[in-house]
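Going down the list, the protein sequences come from chains C and P. Here the first sequence is numbered in numbering that gives the first Met the number 0, starting from 0 and rising by one per residue. Here the second sequence is numbered in numbering that gives the first Met the number 0, starting from 0 and rising by one per residue.
No wet-lab data here; the hints were simulated from the structure. All figures in this text were calculated on a predicted structure; none of them were measured in a lab. Here a beta-carbon is modelled for each residue, glycine too, at the ideal position from N, C-alpha and C. Warning: the hint list may mix true and false statements.
Label pairs and their calculated CB-CB ranges [unchecked claim]:
# : chain 1 : residue 1 : chain 2 : residue 2 : range
1 : P       : R164      : C       : S11       : 16 to 26 Å
2 : C       : S139      : P       : I127      : 52 to 62 Å
3 : C       : A112      : P       : W71       : 27 to 37 Å
4 : P       : S177      : C       : A116      : 48 to 58 Å
5 : C       : E182      : P       : S177      : 28 to 38 Å
6 : P       : I252      : C       : S64       : 47 to 57 Å
7 : C       : P14       : P       : V124      : 45 to 55 Å
Computed, partial: chain C to chain P, Cβ under 8 Å [to be verified]:
#  : residue
8  : R80
9  : S82
10 : P85
Just so you have them, the derived chain C footprint on chain P, three or more residues with Cβ under 8 Å [what the hints assert, rightly or not]:
#  : segment
11 : 147-159
12 : 168-176
13 : 182-196
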Amino acid sequence: MSFVVAENIFQSYGPRPILERVNLEVEEGAFISIVGASGCGKSTFLRLLLAQEQPTRGEIRIAGSAPASEPGLDRGVVFQRYSVFPHLTVRQNIVAGESLRTSAGRFWGAARAAARARADETLARIGLEHVADQYPATLSGGMQQRLAIGQALAARPRILLLDEPFGALDPGTRLSMHDFLIELRRDIGMTVFMVTHDLEEGFKLGDRVIVFDKLRWDPTDPDAYGATITYDLDTRTEPGVSVASA
Amino acid sequence: MRLINREPGRVVRAALIALPFVAVVLAYTIGSEIRLAANPADRLLPAPSTIGETALRLFTEPDPRSDRILLWHDTRASLLRLAAGVGIAALLATLFGLLIGLLPVMRATFAGFVAVISMVPPLAVLPILFIVFGLGETSKVVLIVIGILPFMIRDLSQRVLEIPRETIVKAETLGASSLVIALHVALPQLLPRLIQSVRLSLGPAWLFLIASEAISAETGLGYRIFLVRRFLAMDIILTYVLWITLLAFLTDIALRWLGRRLFPWAGAGL
Numbered sequence: 000m001s002f003v004v005a006e007n008i009f010q011s012y013g014p015r016p017i018l019e020r021v022n023l024e025v026e027e028g029a030f031i032s033i034v035g036a037s038g039c040g041k042s043t044f045l046r047l048l049l050a051q052e053q054p055t056r057g058e059i060r061i062a063g064s065a066p067a068s069e070p071g072l073d074r075g076v077v078f079q080r081y082s083v084f085p086h087l088t089v090r091q092n093i094v095a096g097e098s099l100r101t102s103a104g105r106f107w108g109a110a111r112a113a114a115r116a117r118a119d120e121t122l123a124r125i126g127l128e129h130v131a132d133q134y135p136a137t138l139s140g141g142m143q144q145r146l147a148i149g150q151a152l153a154a155r156p157r158i159l160l161l162d163e164p165f166g167a168l169d170p171g172t173r174l175s176m177h178d179f180l181i182e183l184r185r186d187i188g189m190t191v192f193m194v195t196h197d198l199e200e201g202f203k204l205g206d207r208v209i210v211f212d213k214l215r216w217d218p219t220d221p222d223a224y225g226a227t228i229t230y231d232l233d234t235r236t237e238p239g240v241s242v243a244s245a
Numbered sequence: 000m001r002l003i004n005r006e007p008g009r010v011v012r013a014a015l016i017a018l019p020f021v022a023v024v025l026a027y028t029i030g031s032e033i034r035l036a037a038n039p040a041d042r043l044l045p046a047p048s049t050i051g052e053t054a055l056r057l058f059t060e061p062d063p064r065s066d067r068i069l070l071w072h073d074t075r076a077s078l079l080r081l082a083a084g085v086g087i088a089a090l091l092a093t094l095f096g097l098l099i100g101l102l103p104v105m106r107a108t109f110a111g112f113v114a115v116i117s118m119v120p121p122l123a124v125l126p127i128l129f130i131v132f133g134l135g136e137t138s139k140v141v142l143i144v145i146g147i148l149p150f151m152i153r154d155l156s157q158r159v160l161e162i163p164r165e166t167i168v169k170a171e172t173l174g175a176s177s178l179v180i181a182l183h184v185a186l187p188q189l190l191p192r193l194i195q196s197v198r199l200s201l202g203p204a205w206l207f208l209i210a211s212e213a214i215s216a217e218t219g220l221g222y223r224i225f226l227v228r229r230f231l232a233m234d235i236i237l238t239y240v241l242w243i244t245l246l247a248f249l250t251d252i253a254l255r256w257l258g259r260r261l262f263p264w265a266g267a268g269l
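Turn these sequences into a full structure, and let the hints steer you where they fit.
Structure, rendered in structure tokens:
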């Protein structure tokens, strides 16, 4: 059985269908890019993966466990913005990745020192050790997103969900963030889902590119039908696949 | 150049800041002189020098009957009432703000209720407070609490709701319980806003304090003002008013300084 299974997912907001008949199976360690036009339901699908929303029909399972009713430790997430805690320093943000799950929400004594040491290792790996004691507001957008990814990974989730993580960054920073993500993935081999509206980015980073679109279209009522997966492209074994075919 | 783009220079800016203050003092002085010229015994607009002498006397000379410097005594009594009222309101508002802002069940229970309660004019229930809590300290503190608490709860719960959903969801994915989210994510982000809320509430808090002191008290700044009103002692009243204004102004500055000091990450938010 596949690592992540989405089975016959339907999602509608009131009478308005967003997604219909979405089926997806993903192997452990895969990087899935989710692309599509605005309003095609790709972010909705990510929220379903995150268990922030429940599908109207169908279910999503990770590693065969029961469908989740709310976001939890098995799903890490990085949003376009607001993914780090503004009131914590960079190091405290990484430590929070481990400490928030405790009943008191923080560490004391030896556990605290150990967590800080691990946080410093993480910061060295994501290249933020020189700003460890600063607050996120003083960092650039790219550094904040690196911190957000580092924090999500510190919690050791089973899958990592990225919702347009580089959407607010300038093109140069975006390219260096791609290198950062590729390198990080080589190290840890995490299963990643990334929603992006940038096709090129999707193909560059993803092992698979999933395209959401509407199969049926009523010109008099554009909201009548929901979107589903229209293309499922394996970028690693089909070098002939180009951006144009999506 | 458009008016909206014309920035005053440093000197001009300083002069403009001083201008309304100078104008008020000047207008008062002129008015006072005109009245005193017509009637040297006029009590309505005492000369600034008279106010200065009265102020010096009030701040330094003890009352012959009680042998206490009444102004300091009044200040102490009023500030204690104010601190108790505002402190209790701030604590309760933080608690209810978090509950209403974070928990949909609490929001459904209390949001409408608080919205209705905040429409009750606090001074209209003052007689009830005097009947229920007596004429002592309790009723004055309770009036301040009732006066500013509904506003503060609404303000703070709204601020909790304004914390980006992404931040809360992120904490959920890090395994945080509702309590941990409240204490480690929402509360720290609420505290700088609490200081803002307290700053905004201090005006009404002074109003309710002075109103309750005016009606029933044996000491306090508001009590003194309303007591000497009977003797048309404008010099004392004006000294007290200026003193209260100064106290309120200094409190505001201190709170702003405290907020910036305690919450450096909040940056321009304060």
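Evaluated hints:
Distance hint for P/R164 and C/S11: a CB-CB separation of about 21 Å, consistent with the stated range 16 to 26 Å. For C/S139 and P/I127, the hinted distance range of 52 to 62 Å is satisfied, since their beta carbons lie about 57 Å from each other. A C-beta distance of roughly 50 Å is found between C/A112 and P/W71, which places it outside the suggested range of 27 to 37 Å. Taking 48 to 58 Å as the suggested C-beta distance range, the pair P/S177 and C/A116 does not conform, at roughly 30 Å.
The beta-carbon spacing between C/E182 and P/S177, approximately 36 Å, falls within the hinted interval of 28 to 38 Å. Remark: the range hint 47 to 57 Å for P/I252 to C/S64 is upheld by a beta-carbon distance near 56 Å. The hinted range of 45 to 55 Å is satisfied by C/P14 and P/V124, whose Cβ atoms lie roughly 47 Å apart. The interface hint given for C/R80 holds, since its Cβ lies 7 Å from the closest Cβ of chain P, which is under the 8 Å cut-off.
Given the 8 Å rule on beta carbons, the hint for C/S82 holds: about 6 Å separates it from the nearest Cβ of chain P. Taken as an interface hint, C/P85 checks out: its beta carbon lies about 6 Å from the nearest beta carbon of chain P, inside 8 Å. Under a criterion of three residues with beta carbons nearer than 8 Å to beta carbons of chain C, the stated coverage of the segment 147-159 of chain P fails, only 0 such residues being counted. As drawn, the segment 168-176 of chain P meets chain C at 9 residues by the rule of a beta-carbon pair under 8 Å; at three or more, the given contact holds.
Residues of the segment 182-196 of chain P lying with their CB closer than 8 Å to a CB of chain C number 5, which satisfies the three-residue condition for coverage.
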